[in-house]
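Participant: Chain residues, written in single-letter form:
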Amino acid sequence: MPLLSYRDALNQALREEMRRDPAVFLMGEEVGVYQGAYKVSRGLLEEFGPERVVDTPITELGFAGIGVGAAMAGLRPVVEFMTWNFALLAIDQIVNSAAKMLYMSGGQVPIPIVFRGPGGAALQLAAQHSQSFEAWYANVPGLKVVMPSNPADAKGLLKSAIRDNNPVVFIEGEMMYNTKGEVPDGEHVVPLGVADVKREGTDVTIVAHAKMVGLALKAAEEMAKDGISAEVVDPRTIRPLDVATIVASVRKTNRCVIVEEGWPFAGIGAQVVDDIQREAFDWLDAPVLRVTSADVPMPYNKGLEKLAKPDVPKIREAVHRVLYRGG
Amino acid sequence: MTPKTGTTTVARPATLPADDPATMRRLMRDMLLIRRFEEKCGESYALGKIGGFCHLYIGQEAVAVGTMAALRPDDLIMTSYRDHGQALARGMTPRAVMAELFGKAAGCSGGKGGSMHLFDASLGFLGGHAIVGGHIPLATGAAFAIKYQGGDAVSVVFFGEAAVNNGAFHESLNMAALWKLPCIYICENNRYGMGTALERASALYDVVQRACSYDMPAETVDGMDVLAVRDAVHRAALRGRERKTPTLLEIRTYRFMGHSMSDPIHGHYRTKDEVEQQKTRDPIHVFAEKLRADGMLDDTAWQAMEAEIADEVGDALHFADEAPDPDASTLTTDVYREP
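Protein sequences, first through last, are from chains A and B.
Residue numbers for the first sequence follow the numbering used here, so the first one is 1 and each next one is one higher.
Residue numbers for the second sequence follow the numbering used here, so the first one is 1001 and each next one is one higher.
Nothing false has been slipped in among the hints.
Rough simulated footprint, nothing fancy, chain A against chain B, three-plus residues with beta-carbon under 8 Å: (1) 1104-1114; (2) 1117-1123; (3) 1131-1145; (4) 1171-1178; (5) 1327-1338.
Please keep in mind that the hints were generated in silico from the structure rather than gathered at the bench.
Note that the Cβ used here is the ideal one computed from N, Cα and C, for glycine as well.
Kindly generate the complete structure, drawing on both the sequences and the hints.
Facilitator: Right, dumping it as structure tokens:
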């Protein structure tokens, strides 16, 4: 299988879907002439022209709404936010327009649209450019929320998102665009709502999504040397959440740690804990613990930033606690 | 600072339908239907049969009726939450609209939308939307789709004058002008955003001048004159169809009722005298007088029209009353479209 970067896997998905369906178009800031702020759309303007690769002014509310309106009139827009931080300006269109249109129209007006772009913490970008919004969008009925953790999933999930007849919030890892991995050529579609067990284990389940999957795998690898067998479950889609796969893993390992890059209060992990306590209560041998970012805006200082973010030692510590092991 | 196109400089297009008596009476009837329908909505709201917010269109009928008369069946329409008039003018049945207001399964949105979210996709009526200004980008996107697909339809969006201070309005007009999208922006200037007069909210009094910022054709239109509205929208539609040029229309109208059913008719923000004075411009009265003067309407025809409409609205009320509520199982349908 070819080795591709996360960035190029996304590019491949966009290119293949735009070739497959003329109703698919890409719109956003710097997606065309500039070739994408993170080069995800490299070469698409040259292949598909300015009608289908549309550079917008810096006007998130406006172009997000234009995307939703285009979907109402039969197109399948892919709206790129340069980062999800800027999408707050457009959240009215995502929540009040895209998510609710089908319902409030009594099923008449579906919104097949993908809102995509990088999210999560980056490096020393401080409070306004380093944050995770999946918990916000996952709270909204009518939206799907997808967060790929590797290049193959990035391609397969984006293809599914573009083909889906609902609004999909597709959050890419700002720090993962250069990550390389094997990506199947051509028709590689990963269904939404299906988790993936990234590493099998028997002692503890680590539920992690997006960039946190890499940390969880690294922690699992290190802990294997200490005789701890950790299973890593990547939900891949936050909404709809594949509760069955998570619960099956917890029923097997009897212990669980949930890792996310967002804030702790009302985070994704809180939802997963709720599902686990209802579906696997009798199987638990320890309270479920969560590793999250600190409950603060992201600081600029490198040392403070490191303290704020989840990392391998924090995951190991949580695993040790659910295993009641010292050190 | 003047807009590119003024009312006085544009000739009446030859493509407009002739002002024959049947067409004129149809416009009259469409306006009267909205008036009588809305009066019954007010009564039904007071009786508790309509819930939530309910914004009546009384006084503004010429805007919706004049606009729809200039459009084609394949044009796309979006509007704000004050949407009963546009829905009826576009051809949605009083039954479907009233049943929706009553929250019934037979309503145009299955009882899930209510007063502020009337939809009939088969008529290109893509909703009442309830966030001020939030639907202006949506209509701009529909215009984008029309152009993308190579069609010559237009997208039409209604909003109040209070929405023009909103970022969604400016962002939309900028992109529509920049990309040459066939969108007609209809500002129904009824003077008040809820209880705030235009001059207390906007640095510019003339909404039409907003178009100058985007080098967009614009006109000020007398919203109490159904033919003036129709002709202006027709001109805008031609620009959209033939040249993919957007237009901003400031249509000056007046709301005879409160902002919503929970609002008194004049309240603290306007005087009773002002409302009474505006009622002398009642678009239905003005047009009826014109038709009488032109010999297209007499007492007999008027009474017949009133009787027919009373029957139609009465039938809609009866239908909505008798119609079943949505089944409990529909609570969770239409959240996602599957597959």
